[in-house]
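Enquirer: Residues per chain are reported as follows:
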Amino acid sequence: GAVVSQHPSWVICKSGTSVKIECRSLDFQATTMFWYRQFPKQSLMLMATSNEGSKATYEQGVEKDKFLINHASLTLSTLTVTSAHPEDSSFYICSASVTGQSEKLFFGSGTQLSVL
Amino acid sequence: DAKTTQPNSMESNEEEPVHLPCNHSTISGTDYIHWYRQLPSQGPEYVIHGLTSNVNNRMASLAIAEDRKSSTLILHRATLRDAAVYYCILSQSGTYKYIFGTGTRLKVLA
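First to last, the protein sequences are chains A and B.
For what it's worth, my numbering labels the leading residue of the first sequence as 1, then goes sequentially.
For what it's worth, my numbering labels the leading residue of the second sequence as 1001, then goes sequentially.
None of these hints come from the bench; they were simulated from the model.
Check the hints yourself; a few may be wrong.
Here are the simulated DSS-like pairs of lysine-lysine, each with C-alpha atoms no more than 27 angstroms apart in a straight line [stated by the list, open to error]:
hint, chain 1, residue 1, chain 2, residue 2
1, B, Lys1107, A, Lys41
2, A, Lys64, A, Lys20
3, A, Lys20, A, Lys41
4, B, Lys1107, A, Lys20
5, A, Lys64, B, Lys1097
6, A, Lys14, A, Lys66
Pair by pair, the computed Cβ-Cβ distance ranges are [to be verified]:
hint, chain 1, residue 1, chain 2, residue 2, range
7, B, Leu1080, A, Trp10, 20 to 28 angstroms
8, A, Cys13, B, Gln1042, 17 to 25 angstroms
9, A, Glu22, B, Glu1066, 43 to 51 angstroms
Don't be surprised by glycine CBs; every beta carbon is placed ideally from N, CA and C.
Chain A on its own, in the form it takes in the complex:
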């Protein structure tokens, strides 16, 4: 199946710094990618839809200036958590759809962000 690579797997940062998370489609082109966050013992919450070459679409309640999404190529989308605070600590997961593999999403392995 298609592989979605997410990097880094985990990151620890100080409060007030920015953190960038990368999501790559390794063997296919991903026109659309999705970003989720997941708190411990909770389900995944969709944050935004990332479209190559255009602005991301954010879900209600997600601050677009806080969570910057860039999808500059067909194989890479990035999520930058700006001025991170402890409450931003979470598990962030990306996913991508594959043309021809109808309706399936492929997920990255996730990034655990811990803000001190």
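Mind docking chain B on chain A? Use the hints.
Expert: Positioned in the frame of chain A, the structure of chain B alone reads:
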């Protein structure tokens, strides 16, 4: 977006079949039914999906009710490696926009 309802947790004995139910009474005609599972600290893994007919693959079977308001994921012989949170998700055809519910935490007993 149509929602799904699943039991919070289920238990199964190893080597026995497991039937994981999902209710989706507000499903629309173009909504696909997906099942994914998630191990701790990992991204969700695809299990199976379908639209109207029952589906089988090497991992599991998906039984869809005739009125499509419910479905059941069937693991034919549970193993310890099947212990995970299983999510039943609906998505409108072509949108790929998945809204995750709370999922079912499956515990497999040796």
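Enquirer: If a hint holds in the structure, say so; if it does not, say that too.
Expert: Results of checking the hints against the structure:
The suggested pairing of B:Lys1107 with A:Lys41 holds, with an alpha-carbon distance near 15 angstroms, which does not exceed 27 angstroms. This hinted pair checks out: A:Lys64 and A:Lys20 have alpha carbons roughly 14 angstroms apart, not beyond 27 angstroms. Restraint check: the Cα-Cα separation between A:Lys20 and A:Lys41 comes to about 24 angstroms, which is no more than 27 angstroms; the hinted pair holds. Pair hint B:Lys1107 plus A:Lys20 does not hold up; C-alpha atoms about 35 angstroms apart against a cutoff of 27 angstroms.
Proposed proximity of A:Lys64 and B:Lys1097 is supported: the alpha carbons are some 18 angstroms apart, at most 27 angstroms. Pair hint A:Lys14 plus A:Lys66 holds up; C-alpha atoms about 16 angstroms apart against a cutoff of 27 angstroms. The hint said 20 to 28 angstroms for the Cβ distance between B:Leu1080 and A:Trp10, and at roughly 26 angstroms that hint holds. A hinted range of 17 to 25 angstroms holds for the C-beta pair A:Cys13 and B:Gln1042, which are about 22 angstroms apart.
Look at A:Glu22 against B:Glu1066: about 45 angstroms separates their beta carbons, and that is inside 43 to 51 angstroms.
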